[in-house]
Amino acid sequence: MALKATIFKADLQLADMDRHHYQDYALTLARHPSETDERMMVRLLAFALHADERLSFGKGLSTDDEPDLWSHDLTGEIALWIDVGLPDERRVRKAAGRARQVVLLVYGGRAADIWWEQNRAACERLPNLVVLRLAAEDSQALAALASRSMRLQCMIQDGEVLLTGDGGAVRIEPQRLLRTAA
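All residue numbers for the sequence shown refer to the working numbering, where the first residue is -9 and numbers rise by one.
Incorrect hints may appear among the rest.
[To be verified] Restraint ranges, calculated between C-beta atoms of paired labels, are given here: (1) R88 x R9: 20 to 26 angstroms; (2) D54 x R90: 35 to 41 angstroms; (3) R9 x L168: 27 to 33 angstroms; (4) R100 x L64: 40 to 46 angstroms; (5) L76 x E163: 28 to 34 angstroms; (6) E150 x K(-6): 15 to 21 angstroms; (7) T26 x L167: 18 to 24 angstroms; (8) P117 x G66: 34 to 40 angstroms; (9) L167 x A20: 25 to 31 angstroms; (10) T65 x E127: 26 to 32 angstroms; (11) L152 x G66: 18 to 24 angstroms.
[What the hints assert, rightly or not] List of simulated lysine to aspartate or glutamate pairs, EDC-like, C-alpha gap at most 16 angstroms: (12) K84 x D42; (13) K(-6) x D14; (14) K49 x E25; (15) K84 x E67; (16) K(-1) x D14; (17) K84 x D55; (18) K(-1) x E114; (19) K84 x E56; (20) K49 x D14; (21) K84 x E114.
Treat the hints as calculated values from the structure; they're not laboratory data. From the three backbone atoms N, C-alpha and C, an ideal C-beta is built for every residue, glycine too.
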């Protein structure tokens, strides 16, 4: 019998001063049995960084055809494709061919550094790709905020994120590794 996803609820109060986007979101996150709290919370951070009314979570780890998050325009075209972790270079190329903009949020300490060294040249050839890196201590601090029912406040200003919840506060400044001219 297959293991079922664990459901997490997050009430997110977002104040993104960089994009002038202020909204409250009631989010439901399904954590795949093989997914860690760290990865799930990085997905939540990715949502906060790119939140809008059309952004939604994909089916996640169980589906290769969908990203972790995405949004579609009114014609049904994929406007934004967001993956977290260390995706295979072929997956990144495929995403860049399907979406107007692709964002990768990589994390994992030394593993993320090695991934970037191995994939940098291929990533730089993609005209619609943004690659952001989280420090290992930041993604681990995010994991500490995870609970089945979360009330979170997120403030984004000058590229810095302050995420506050019952488990404390985490200050994150994603490092921009690549921003191609899309």
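Quick rundown of the hints versus the structure:
no., hint, result
1, R88 x R9: 20 to 26 angstroms, "holds (24 angstroms)"
2, D54 x R90: 35 to 41 angstroms, "violated (21 angstroms)"
3, R9 x L168: 27 to 33 angstroms, "violated (20 angstroms)"
4, R100 x L64: 40 to 46 angstroms, "holds (42 angstroms)"
5, L76 x E163: 28 to 34 angstroms, "violated (20 angstroms)"
6, E150 x K(-6): 15 to 21 angstroms, "violated (37 angstroms)"
7, T26 x L167: 18 to 24 angstroms, "holds (22 angstroms)"
8, P117 x G66: 34 to 40 angstroms, "violated (22 angstroms)"
9, L167 x A20: 25 to 31 angstroms, "holds (29 angstroms)"
10, T65 x E127: 26 to 32 angstroms, "violated (41 angstroms)"
11, L152 x G66: 18 to 24 angstroms, "violated (35 angstroms)"
12, K84 x D42, "violated (24 angstroms)"
13, K(-6) x D14, "violated (28 angstroms)"
14, K49 x E25, "holds (12 angstroms)"
15, K84 x E67, "holds (15 angstroms)"
16, K(-1) x D14, "holds (13 angstroms)"
17, K84 x D55, "holds (10 angstroms)"
18, K(-1) x E114, "violated (36 angstroms)"
19, K84 x E56, "holds (11 angstroms)"
20, K49 x D14, "violated (23 angstroms)"
21, K84 x E114, "holds (15 angstroms)"
Against the hints set out earlier in the document, violations occur for numbers 2, 3, 5, 6, 8, 10, 11, 12, 13, 18 and 20.
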